[in-house]
Every structure is written in C-alpha cells, then in structure tokens.
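Asks: So the chains spell out like this:
There are 2 protein chains.
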Amino acid sequence: MAEMEDEVIANNKQVILKDYVKGFPQESDLPLVSSTVKLKIPGDCHDAVLVRNLYLSCDPYMRNLMNMIESDDPNMYSPGSPIRGYGVSRVVDSSHSNFKKGDLIWGLTGWEEYSLIRNPSSSFKIPDATVPLSYYTGILGMPGMTAYAGFYEICSPKKGEYVFISAASGAVGQLVGQFAKLLGCYVVGSAGSKDKIELLKNKFGFDDAFNYKEEKDLNATLKRYFPEGIDIYFENVGGKMLDAVLLNMRLHGRIAVCGMISQYNLDQPEGVHNLFTLVSKRVRMQGFVVVDYYHLYHKYLDMILPLIKEGKITYVEDIAQGLESGPRALVGLFSGRNVGKQVVALARADDV
Amino acid sequence: MAEMEDEVIANNKQVILKDYVKGFPQESDLPLVSSTVKLKIPGDCHDAVLVRNLYLSCDPYMRNLMNMIESDDPNMYSPGSPIRGYGVSRVVDSSHSNFKKGDLIWGLTGWEEYSLIRNPSSSFKIPDATVPLSYYTGILGMPGMTAYAGFYEICSPKKGEYVFISAASGAVGQLVGQFAKLLGCYVVGSAGSKDKIELLKNKFGFDDAFNYKEEKDLNATLKRYFPEGIDIYFENVGGKMLDAVLLNMRLHGRIAVCGMISQYNLDQPEGVHNLFTLVSKRVRMQGFVVVDYYHLYHKYLDMILPLIKEGKITYVEDIAQGLESGPRALVGLFSGRNVGKQVVALARADDV
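Listed in order, the protein sequences are those of chains A and B.
Going by this note's numbering, the letters in the first sequence line up with residues 1087 to 1438, in that order.
Going by this note's numbering, the letters in the second sequence line up with residues 1087 to 1438, in that order.
Keep in mind that the hints were calculated from the coordinates and are not lab data.
Model, not experiment: these values are computed from the prediction.
Please note that a few of the clues may not be correct.
No copy labels: a pair is met if it fits in one copy or bridges any two.
[To be verified] Think about it this way: if two alpha-carbon atoms lie no more than 30 angstroms apart in a straight line, the pair counts; the simulated DSSO-like pairs of lysine-lysine are:
#1 K1104 / K1280
#2 K1309 / K1299
#3 K1126 / K1398
#4 K1108 / K1302
#5 K1367 / K1211
#6 K1326 / K1367
#7 K1280 / K1099
#8 K1108 / K1367
#9 K1108 / K1309
#10 K1302 / K1395
#11 K1326 / K1302
#12 K1309 / K1267
#13 K1211 / K1126
#14 K1186 / K1289
#15 K1099 / K1398
#16 K1367 / K1385
#17 K1124 / K1302
#18 K1211 / K1244
#19 K1244 / K1108
#20 K1211 / K1287
#21 K1367 / K1244
#22 K1104 / K1367
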C-alpha cells in the first residue's frame, strides 16, 4: 500500500477471463493478473461502494457468462476483464447512502481483492454476523434464496409428496432436500460420488440417495427409488436425467427448473425426448431466476436463521483458500470436484 | 332390422383396430366390419345408455391409443375391437336416470353405428340443438373445452400479449386464436397449407399466419413474425417447432402443452434442445388434459353459445360422410389433409 498525498493505492490481484470459452472451462481460461486500485471512490461516481472482497462464490451459472454469444445481458464476461460473481465484502469507501465504511455486505462483486461496485442495487447488508460469514455466499445468500424461492414458490410442495433433487449435495440441492424433509416429504437425491451420497443420507437427512455415475439406466433407477412416481423434481442438471425423470412423474407433478449444469459445456445441448409426459401426466415445468425473488429475502432470513441456530438445518461448504485457488475451484464445479457449496476465501473479516 | 319376440336386432357396422400401429397409421389399420346389435340394454347393465351414433370426432390423441405399450390407461384400443372417440349420439335405450330414450348426447362412444356406453359419466346432454349438432364434436365439445381450459386456465393471458399457435387451423387452434383476438392479443398461427393460412388470416381473424412447410429456419421465421418475442405459445405439434419457439419466448412467457402431433408417429420422439430458455426467460410450460376441466363446461357454454349466435366466433369443420369414410378421415389428420375440425357424419338426427 503506497500513500501519495490524499491517495492510498493498493495492489489488486484479479482473476480475468482470458478469452471466450468453448466446452469445459480450464484453469488456464482464468489467469490471475496484478493491478492496482485507488482505495477511494472516484469523485464522479455516485451511489457506489468500494469493497474489500472476503469470500467469493463459485456457482454453475457463471459458466454461461463465459460464452461468446449475442446477448443483451450486461452480466456477460468480457475477455481481459475480471469475472464477476456473488461474494461477501467489507465496505472500504461508499458514496451510497445505504452503505458506510466498515459495513459487511453480500451481493455481486468482482473476482479480485478490491471491487468498485457502481450499482450496489443487488447488494445486501449482512444482518447477522454471528453465523459464518461465508454462509452469505450460500445458505444465507443467492443459493439459499434460490432453494427457498424454487421450492416454496415454484414447486407448490405438500406434506407427504415424493421429491427428487439432482445435484443434491450442491449449494442449492442440499437446502431443497432439507426444506422438503422439514415439510414431511419423501426425499431422494442424486449426486456423483460416494462421499456425496453419504452426506445426503447421513448429514442432510435425505430418505435415500444414489450415485448417478453408477447407474446404467436412469429410468429404471428412478422407478426403483420412486415406485409411486415423483411429485416434485428440483432440476439442476438437465439432459438425460431430465428425460428419465419425465418418464417417472406423477399426475399433476411439478418440475422447478433451477439449472442444467450437465449442458453448459456442450456445443449443443442434448435433446430431451419425453416431453409428451407433460401432457399425459399434466405436469407443470417452470424455470425461475432468483433475482425475481429477492424481495422475499428478509422473510427468508426470518425462517432460516433460527433453523441454523437451532441446528435444524445444516450446511456444508467446500472452502478453497486464496484468490489464487479460485480458478481451480470454479472449474471444479463442472467435474463435480466440490463437496458441498464451493467458496473461495480471500481474507477474514477481522483482518480488513 | 329383424324383430324376434321382444328383441330388435340391428346391423352394426364397426371400425376396428386391426393390430397395434407403428409409425403413421394407414386406412388398412382400421377395417370396417359388420356385426349386429340388440337394440335393448342387457338386463344386468345398470346406469348405461345404448346410442345411435350421429357424428364421430377425429382427434390427434387417438393415435396414441393405437400403440402397443404397457399402460394402465383403460382407454387404449384393443386389436379386433372398435376404436373409441368423442361423438354425438341419440339415446336409443337407457338404464341411467340422467338419460332417456330420444335424448341427444355427446361424449365418448364407439366407432360404430350403435354403441352401448356402460359408463356414461363423461357424456353430456346436448343443451342447445339450434346450432349444428356436429359442433358438439368440436367447438361445443371436447376441442372447445380444450381451447377454453388451455387458454384461460393455463396460459394466464393478458390483453396485448403476443400469442403463437401451432396447428392453428385445427379443431382447437382455430378457437384459441379467436379467444386470444377477443381478448386483444396479437395472434399468429402456423399451419401446413396455403388454404389453411388463408383461413387463419381471413376467416378467423389472426393477425398473421405462416406455412411451416415453406420455412427452412423456424427460429428465423418466428423472429420475423415476433420481433418482440412470444408471451404465450399454445403447443399442438412438438419437436422442431417447440425448439424454435423456446428460442423466441419472452420473459415470464407461458407454454400450454395441449398436444404434440408431429411426434405421435415416430418410434422415438425428436429431441428438444433449447429447454434452458425455460430458466433464462423464466418460462412456465404446462401440460394439461381436458377431462380435468369438464366441471367448467356449463360456464364455457354460457360464454360460447352467445358468441356463436352473434357471429363473433366462427368454426370451420371438415365433414366426411359415412362411417366408411372414417378411417381415411382419421389417418388424414396426421398428414394434415383436413381443413378445420375433422368430423365423420353417420346419420342425421332427424332420421334416427
């Protein structure tokens, strides 16, 4: 840190997108570069915050932002610039009336040590710092709200229903399963390793779980785990799993489409063949995006914070240390290397 | 007709399923056979009606009942037996308190001159015979209720929205388009011939229409007809059209899945690749079956009968004469030979 007159300049390591990505992303697509940052918001930059990033969130949707596609989505990544995602941060400087220096916040930020957030409209002040701060990248942040909105607002769940969750040990899936158990549903999850299956059954309290990599015929597998069929499918993976699930839906079933991680690295998504069962079984299949539900965030906190503190909900994180480990952690999502919510820790709140 | 003691025996021509069907059905799959019927309900047959069939309805869903599949659906056809479908009939004998000899009814019946309906729970008495009786196989029957439930109950339509309908000149599509126009939507339909496109634009008042057989790139076609995107897609065909529509849905769009006629004759349905847009555009895609909505039938009649009589809704039928012409009419649905609702006329109400 060098002080010059009124200016403090800090080093600012960044993870940038080297070039648009095709197929599976590699660590080499996300090089670390050095830069510097002035630790003061520029004078013409109103309603902004400058933050020190503490935790960064690795989420599957980030893969889609690495594509070279015609899109009017301003969130798409640009080659040569830092990638962005959800994170937990300490406010260093603020020109926004909702935030002041020292505040802890979560929301969209950059993959770098310091970020200037020009429009913190989707940043939330952290309401309770007695739980692990990293939880605000997971159970208390975007994935938590995703599970909450997806399950309660989209699935129309009822006690006793049969619920299936794919990618069930991930940031969202592990919560959906626990919400469904709390409601009195029968819950089965799929995941891609023995460790994850153990987690689902023993830590998260799923009724059952299976390793999809060990199953040859997913339709037969689902018939085995759901002889009565599936009322609710919480969809995180797409492709062959969705096709098999469609054949096993019950009358008036619901499919909440949260993501399709198995498809993000393919040039062309796999074809799904069994959509006619939407008609024969009168199924509602509905996609959703969490940002449409952030107005429910405080309602969600009122529900979830007591459940965490009473030990009625548990949350498993996979924390990589240091921004340098970020690229490996992020690309690891797509081979299922993480066990639980993948987080990158940059600094401890007490140290900044 | 031969009278023996107390019995009247009538000849009863029938259209039977020769064998389970693979691929496109042929007229030869549906031979005409002769039999006889006693024109009195057997003594042990309670709550039944015996009817003379006047009009039979040709509907795409009937193709699915010709398959050899494991199914618990009691409606599946059996080789050697008459096929069944919706029809308009005159009651010849009744052991059911809701129906008496001479009543005109519509509902499920057999493809034959006379049918014993052992469970007339889905038969409705015809409330108004001042409109063409054949309408009770279409606008005033199952297809009408399908259009009504699909559009108003599933699509959540709003004035000014952009509505696309495939198979738009068919029994259901022509009504959905007119309902949408009455509500103040912008409506485009697709169909498979020049004549049908003329009908859509000039007779049913669609804002625009195109012949899908003349389009090489359905995605580009839809972008041309819907530069702002599609709010509501009323799905009758499936496959490539659905895939192209998915790429053109607007935020919070809705897809009512009524049928997928393009897929019924394929060994394996085509793959649909663009389902991720359900997430990115937050689309609700919902299958439905009309039988779940028959409790709304009288509400529908209150709406539709005045519209018909005031000339605000029009309905085009394609009527084949005689049971002998039934097989050709039915298989013609799958090559799009019919223009408008396909009906088979067996007898006039006044003659029986």
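Asks: If a hint holds in the structure, say so; if it does not, say that too.
Replies: Hints and how they fare:
Proximity of K1104 to K1280 under the C-alpha cut-off of 30 angstroms is found in neither arrangement, the shortest distances being 35 angstroms within a copy and 52 angstroms between copies. In this assembly of identical chains, K1309 and K1299 lie within 30 angstroms of each other by CA distance solely inside one copy; the values are 17 angstroms within and 40 angstroms between copies. Taking the shortest alpha-carbon separations for K1126 and K1398, neither the intra-copy value of 43 angstroms nor the inter-copy value of 67 angstroms comes in at or below 30 angstroms. For the identical chains of this complex, K1108 and K1302 are neighbours both inside a copy (28 angstroms) and across copies (27 angstroms), given an alpha-carbon limit of 30 angstroms.
Proximity of K1367 to K1211 under the C-alpha cut-off of 30 angstroms is restricted to the inter-copy arrangement: shortest distance 28 angstroms between copies versus 44 angstroms within a copy. Taking the shortest Cα distances, K1326 and K1367 sit within 30 angstroms of each other both inside one copy (19 angstroms) and across copies (22 angstroms). Neither within a single protomer nor between protomers do K1280 and K1099 lie at most 30 angstroms apart by alpha-carbon distance, with minima of 36 angstroms and 63 angstroms respectively. Taking identical chains as interchangeable, the C-alpha atoms of K1108 and K1367 lie at most 30 angstroms apart only when they sit on different chains, with a minimum of 23 angstroms there against 37 angstroms within one chain.
For a Cα distance limit of 30 angstroms, the shortest separation of K1108 from K1309 across copies, 26 angstroms, qualifies, whereas the shortest one inside one copy, 36 angstroms, does not. In this assembly of identical chains, the alpha carbons of K1302 and K1395 never lie at most 30 angstroms apart, being 41 angstroms within a copy and 59 angstroms across copies at closest. Within a single copy, K1326 and K1302 get their C-alpha atoms as close as 11 angstroms, and across copies as close as 28 angstroms, so both meet the 30 angstroms cut-off. For a Cα distance limit of 30 angstroms, the shortest separation of K1309 from K1267 inside one copy, 21 angstroms, qualifies, whereas the shortest one across copies, 44 angstroms, does not.
Proximity of K1211 and K1126 under a CA criterion of 30 angstroms is satisfied intra-copy only: 20 angstroms inside one chain copy versus 79 angstroms between copies. In this assembly of identical chains, the alpha carbons of K1186 and K1289 never lie at most 30 angstroms apart, being 39 angstroms within a copy and 65 angstroms across copies at closest. Neither within a single protomer nor between protomers do K1099 and K1398 lie at most 30 angstroms apart by alpha-carbon distance, with minima of 39 angstroms and 68 angstroms respectively. Taking the closest pair of Cα atoms, K1367 and K1385 come within 30 angstroms of each other only across two copies (25 angstroms); inside a single copy the shortest separation is 33 angstroms, beyond that limit.
Proximity of K1124 and K1302 under a CA criterion of 30 angstroms is satisfied in neither setting, with 56 angstroms inside one chain copy and 55 angstroms between copies. Proximity of K1211 to K1244 under the C-alpha cut-off of 30 angstroms is found in neither arrangement, the shortest distances being 33 angstroms within a copy and 37 angstroms between copies. Taking the shortest alpha-carbon separations for K1244 and K1108, neither the intra-copy value of 41 angstroms nor the inter-copy value of 40 angstroms comes in at or below 30 angstroms. For the identical chains of this complex, K1211 and K1287 are neighbours neither inside a copy (34 angstroms) nor across copies (56 angstroms), given an alpha-carbon limit of 30 angstroms.
Both within a single protomer and between protomers do K1367 and K1244 lie at most 30 angstroms apart by alpha-carbon distance, with minima of 18 angstroms and 27 angstroms respectively. With identical chains, the CA atoms of K1104 and K1367 are at most 30 angstroms apart between copies only, with a shortest distance of 28 angstroms across copies and 46 angstroms within one.
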